Amino acid sequence: MAFVSVDFSPFNEMIMSLHVIQNPAHHPYRLAWAEKAEKKLPQDLLLLIKEWGPHFYDWMYFINIRNEFQFNEATVEEAVERLALLPDLTFSYLMLGEKYGSDSLLKWKNNPASAPLHSIEKDILLHAAAWKRKFCDFFYEYNRHLFAEELFRITPWIARAAENFKKELSDSKIESLNSIHPDVTVTSNSIRIKKNDVYTFSFEEFPRLVIQPSTFATPHVMLCCNQDRVAIALHVAVPDSEKNHEPPEDLITLLKALSEPTRLKILQDLLHHPYSTKQLAHKYNLTEATVSNHLKQLLSCGLAETQRKGYYVFYTGKRDRLESLRTDVAQFMQQPVLDEYIFIPDLT
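Numbering-wise (full-length UniProt numbering), the sequence shown opens with residue 1 and increments by one.
Errors might be hidden in some of the hints.
Computed spacing ranges between beta-carbons, pair by pair [what the hints assert, rightly or not]:
{"hint": "1", "residue 1": "D44", "residue 2": "H118", "range": "43 to 53 angstroms"}
{"hint": "2", "residue 1": "F3", "residue 2": "R144", "range": "33 to 43 angstroms"}
{"hint": "3", "residue 1": "M1", "residue 2": "Q227", "range": "13 to 23 angstroms"}
{"hint": "4", "residue 1": "K40", "residue 2": "N285", "range": "45 to 55 angstroms"}
{"hint": "5", "residue 1": "K195", "residue 2": "K134", "range": "25 to 35 angstroms"}
{"hint": "6", "residue 1": "H273", "residue 2": "S300", "range": "15 to 25 angstroms"}
{"hint": "7", "residue 1": "Q227", "residue 2": "S259", "range": "26 to 36 angstroms"}
{"hint": "8", "residue 1": "V6", "residue 2": "K309", "range": "50 to 60 angstroms"}
{"hint": "9", "residue 1": "T155", "residue 2": "Q307", "range": "37 to 47 angstroms"}
{"hint": "10", "residue 1": "D320", "residue 2": "V6", "range": "25 to 35 angstroms"}
{"hint": "11", "residue 1": "F3", "residue 2": "E141", "range": "34 to 44 angstroms"}
{"hint": "12", "residue 1": "T187", "residue 2": "Y311", "range": "51 to 61 angstroms"}
{"hint": "13", "residue 1": "P156", "residue 2": "L106", "range": "13 to 23 angstroms"}
{"hint": "14", "residue 1": "F69", "residue 2": "D44", "range": "46 to 56 angstroms"}
Here are the simulated DSSO-like pairs of lysine-lysine, each with C-alpha atoms no more than 30 angstroms apart in a straight line [what the hints assert, rightly or not]:
{"hint": "15", "residue 1": "K107", "residue 2": "K39"}
{"hint": "16", "residue 1": "K318", "residue 2": "K107"}
{"hint": "17", "residue 1": "K278", "residue 2": "K256"}
{"hint": "18", "residue 1": "K195", "residue 2": "K50"}
{"hint": "19", "residue 1": "K99", "residue 2": "K318"}
{"hint": "20", "residue 1": "K36", "residue 2": "K107"}
{"hint": "21", "residue 1": "K296", "residue 2": "K256"}
The hints are simulated quantities; they were obtained by calculation from the structure and are not laboratory data.
From a predicted model like this one, the values you see are computed outputs, not experimental measurements.
The beta-carbon is built from N, C-alpha and C at its ideal position, and this holds for glycine as well.
Turn these sequences into a full structure, and let the hints guide you.
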């Protein structure tokens, strides 16, 4: 059996709050908070959340960084200071490497013109120090304007929930771990987590299991895997959270986009090869206006993206968005089950 620890990270909780603001409809337990946060935040900070997040797994790469280097911070500010001290090259690889691979990044750093990166990603690769300062300044401002107040409010409940869960672990470790989330199955030898795929981690290879209490993480459970340890979230319910039972609007939009036969065939093409509007119009014997409408809908729900090459604009499919559809549907369908699993602290 793995060594199990309970580790609350103020920085990770802040990152999860940014993730919720990025995709509020997919976090029904924190949707009401996200709607209030959007009204309270200065517009420049809100725009940065929406603009930067999609390039870095909706902010989740920062959880990887914090857990990789085991900041063990007492405050958000302490973690940001640790982040600022990371070597520039290490920072850029941590922000981009999971998506592209370190070998490719090194090649592109030496030959930027060959890099198939978005402008922000390329700029981080070439100017890591400047972007590190940008992110640190952003985190300080976000914490000051919004998150510090919420952290002050939720910390006592998180601390109480963490202590209660530690007691449950001491009474029955495997039973307690299996009560965390319906997608988590723990035996004496391994932990199995259902996400987009099913991940099985042997405790022989990953002897440490880190439980990180969070009010923002649900419905997510797997936070990251670093070196010899796996980190998963423990949901902590807090008062004043009005759960929303409606299906997310972006999920409905995506399903509608996939329901039209020609559009579905166009997406299949784009997932295998870039096409221009003119090429698709010729292939399907459609007007360019009709094809443009199909492409507009694929772009609007994140299933496609554009890239200009000379005089032509090419469209390509986004496989990662399509692959996440199963998870999005499953998360909505399992909400009634999840209600039975979430860890509710004793608030007396």
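The hints, checked one at a time:
| no. | hint | result |
| --- | --- | --- |
| 1 | D44 with H118: 43 to 53 angstroms | 21 angstroms, violated |
| 2 | F3 with R144: 33 to 43 angstroms | 37 angstroms, holds |
| 3 | M1 with Q227: 13 to 23 angstroms | 19 angstroms, holds |
| 4 | K40 with N285: 45 to 55 angstroms | 52 angstroms, holds |
| 5 | K195 with K134: 25 to 35 angstroms | 30 angstroms, holds |
| 6 | H273 with S300: 15 to 25 angstroms | 22 angstroms, holds |
| 7 | Q227 with S259: 26 to 36 angstroms | 44 angstroms, violated |
| 8 | V6 with K309: 50 to 60 angstroms | 51 angstroms, holds |
| 9 | T155 with Q307: 37 to 47 angstroms | 45 angstroms, holds |
| 10 | D320 with V6: 25 to 35 angstroms | 32 angstroms, holds |
| 11 | F3 with E141: 34 to 44 angstroms | 37 angstroms, holds |
| 12 | T187 with Y311: 51 to 61 angstroms | 59 angstroms, holds |
| 13 | P156 with L106: 13 to 23 angstroms | 46 angstroms, violated |
| 14 | F69 with D44: 46 to 56 angstroms | 29 angstroms, violated |
| 15 | K107 with K39 | 43 angstroms, violated |
| 16 | K318 with K107 | 24 angstroms, holds |
| 17 | K278 with K256 | 24 angstroms, holds |
| 18 | K195 with K50 | 24 angstroms, holds |
| 19 | K99 with K318 | 13 angstroms, holds |
| 20 | K36 with K107 | 44 angstroms, violated |
| 21 | K296 with K256 | 13 angstroms, holds |
In this structure, the hints that do not hold are numbers 1, 7, 13, 14, 15 and 20, in rising order.
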